[in-house]
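Chains as they are written, first to last, in the working numbering: chain A, 589 to 904; chain B, 854 to 1168.
FYI, nobody ran anything at the bench for these hints, they're computed from the structure. These numbers come from a predicted model, not from an experiment. Some hints here could point you the wrong way.
[What the hints assert, rightly or not] For the chain B half of the interface with chain A, some residues (derived, Cβ under 8 Å), not all of them:
| no. | residue |
| --- | --- |
| 1 | Arg909 |
| 2 | Tyr912 |
| 3 | Gly913 |
| 4 | Gly915 |
| 5 | Ser917 |
| 6 | Ala918 |
| 7 | Lys921 |
| 8 | Gly1091 |
| 9 | Ser1095 |
| 10 | Lys1098 |
| 11 | Tyr1099 |
[Said to hold, decoys possible] With a Cα cut of at most 25 Å, we get these calculated DMTMM-like pairs of lysine to aspartate or glutamate:
| no. | chain 1 | residue 1 | chain 2 | residue 2 |
| --- | --- | --- | --- | --- |
| 12 | B | Lys1164 | A | Asp611 |
| 13 | B | Lys984 | A | Glu817 |
| 14 | B | Lys1164 | A | Asp751 |
| 15 | B | Lys984 | A | Glu745 |
| 16 | A | Lys797 | A | Asp651 |
Think of the CB as a built atom: it goes at the ideal place given N, C-alpha and C, for glycine as much as any other residue.
Spelled out from the first residue to the last, the chains are:
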Amino acid sequence: MIATESLSKRYPRVTALDRLSVDVTPGVTGLVGANGAGKSTLIKILLGLSPATEGRAAVLGLDVATEGQQIRSLVGYMPEHDCLPPDVSATEFVVHMARMSGLPPTAARERTADTLRHVGLYEERYRPMGGYSTGMKQRVKLAQALVHDPKLVLLDEPTNGLDPAGRDEMLGLIRRVHTDFGISVLVTSHLLGELERTSDQIVVIDGGKLLRASSTSDFTQATASLAVEVTDRESELLGLLTGAGLTAQASGHLLLVDIAGDDTYDTVRDAVAGLGVGLVRMEQRRHRIAELFIDEDTTPTREDAPSKEGDGRDAA
Amino acid sequence: MTQPDVAAPGGPAGPAAGAAAGSPPDVIHNIGYRNYTGPRLGRGYARTALFSQSLRGAYGLGRSAKSKVLPMILLGAMCAPALIMVAVTIFANRPDLPVAYTRYAVVLQAVITLFVAAQAPQSVSRDLRFKTTPLYFSRPIERVDYVAAKYAALTVALFLLTAIPLVILYVGALLAKLSFAHQTAGFAKGLVSVLLLSVLFAGIGLVIAAITPRRGFGVAAVIALFVISYAAVSAVQGVADSQEKYHVIGWLGLFSPITLIDGFQTWFLGARSAFPDAAGPANAGIGMLYLLVLLAVIAGTFGLLMNRYRKVGLS
């Protein structure tokens, strides 16, 4: 789908991308990085809108430097920021964007009705978009990226500004874009936790450099673990849990217990109750992914934030 | 192509909506996704789509009723004097129209200025303000297509505004049985004049409007530029006139948009100048200079717009 080869983008003061070589296969790919890691720069280059300083990139086998127009007619783009005029209805707007993508008038109207329905916008679509909720606006933004039935969509931070329920719906929709519509997806986020549930493949970049690219199953090969915090007697609890056949380890005040199955939660609960101590919290963690930021990075302070947020999302 | 959701009673039959008899509640999700296999018409078509959307937008078509009010009032204000003149000509049996075709736009320049001031920001500032421009550039068009489509759309909108009253005058003149040859020649010259005026005004208006995403600022800046430059040129021309330096009057016309058009049509279209004492360009050299300045300003505004959108890009 996408192949870059030592792709670099340097501005006078900053290096936005530094010899990035990635291969993105069909499916849903999560592009993870902190703000300023180079995600948006990469998208601009992939759409053929900003020339790379060096290196090459191809999208759908088309060279971004010379075949930008063909790429843009076969790729959809959903920007991170607001992009909807408030005094126009979703239908009119998406029809116009469909025509801008080269669809004849009748096809543009039919595809608009279909696409808005698929993203879950019904009779609201005839009302001016100024009155829409954030969730509805995100759906329209997704619809305008899908309306011309692209082979690939680039979604820049599609869950930005959504509440937890809205995030889950949007992530489910993104999953369906691939499974039901057969469209490959490149989705960016600074939250690794939400992308690992949606993506088949994850690419992590930081400071314009590739940190890691592999399939999601490699990322989460270690089973998810449970962080348990109790008021007292951690070591006795550890002993009880190990005795019950669970793999557990102490990490400061926390006990990290590998989740073997649904009954793991019951075992932990019963053990805590048996000791008669208070259970402060019990939350799911994908520790391997959190470690990814800490293990492999040279500037741990900058990476702390996303990994913490990632954990927070898992718990939610 | 029938849409199954239309058939579902109660409108938006989401999964939560009650199941009507015979239609399961999740009927919408059963339709499935259909791939698009039809033609993709590419760059030229997209440019035309942007042009027609922008042209319609200049008259508020395809937008809210509120946004139709101002352009329609201005179009009415442009046409009403023409209708009155035609009526006077017919019923008073006058030998000619009270105002020449080439003079009409100069007389009603305030209305044209207001139209540019209102609709140039409408055309480009909105895209900047609501950040719709990145969506356009993610489509199979290039920067030049966006600029050309917007430029052409406002030019045609202005041409309609200025040419429709001329058509009214011409038809009226023929109904009043004025000299056909004389009227046709005047009408043709008038069309050439308002076409150039439309291109010039559209370019200047768009350049100013594209600087700022704030529409109100754009409106004020466009009005200020047209009004102040015209007032300044007229004032200095008045001074030159009172000092009987008629050749200076011709030079001064180069410095405001409407007097540029006036000077051009005085020399090239044989129009009677609206300058003091009808003192247009004094000789062929200055007449040619008017043409060169006119073309340079038009090319310059296009270049500035291209430069402006070089930076806008995606975000």
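Evaluation of the provided hints:
1. The beta carbon of Arg909/B comes no nearer than 10 Å to any beta carbon in chain A, farther than 8 Å, and the hint placing it at the interface is violated.
2. Of the supplied interface hints, the one on Tyr912/B is violated, with its beta-carbon coming no nearer than about 15 Å to a beta-carbon of chain A, more than 8 Å.
3. For Gly913/B, the interface hint is violated, the least distance from its beta-carbon to any beta-carbon of chain A being 10 Å, above 8 Å.
4. Given hint, Gly915/B at the interface with chain A, holds; its Cβ is 7 Å from that chain's nearest Cβ, closer than 8 Å.
5. Contact between Ser917/B and chain A, as hinted, is supported at the beta carbon level, the nearest pair being about 5 Å apart and thus within 8 Å.
6. The beta carbon of Ala918/B comes no nearer than 11 Å to any beta carbon in chain A, farther than 8 Å, and the hint placing it at the interface is violated.
7. Taken as an interface hint, Lys921/B does not check out: its beta carbon lies about 12 Å from the nearest beta carbon of chain A, beyond 8 Å.
8. With its C-beta approaching chain A no nearer than about 44 Å, Gly1091/B sits outside the 8 Å limit, and its interface hint is violated.
9. The restraint placing Ser1095/B at the interface with chain A is violated, with a minimum CB-CB distance near 50 Å, outside the 8 Å limit.
10. For Lys1098/B, the shortest C-beta to C-beta distance to chain A is roughly 52 Å, which exceeds 8 Å, and the interface hint is violated.
11. This hint is violated: Tyr1099/B has a C-beta 51 Å from the nearest C-beta of chain A, more than the 8 Å allowed.
12. Pair hint Lys1164/B plus Asp611/A does not hold up; C-alpha atoms about 29 Å apart against a cutoff of 25 Å.
13. Restraint check for Lys984/B and Glu817/A: the C-alpha separation of about 47 Å exceeds 25 Å, so the hint is violated.
14. Restraint check for Lys1164/B and Asp751/A: not satisfied, since their Cα atoms lie roughly 33 Å apart, outside the 25 Å limit.
15. For the proposed pair Lys984/B and Glu745/A, the alpha carbon gap of about 16 Å is at most 25 Å, so the pair holds.
16. Simply put, Lys797/A and Asp651/A have alpha-carbon atoms about 21 Å apart, close enough for the 25 Å limit, and the pair holds.
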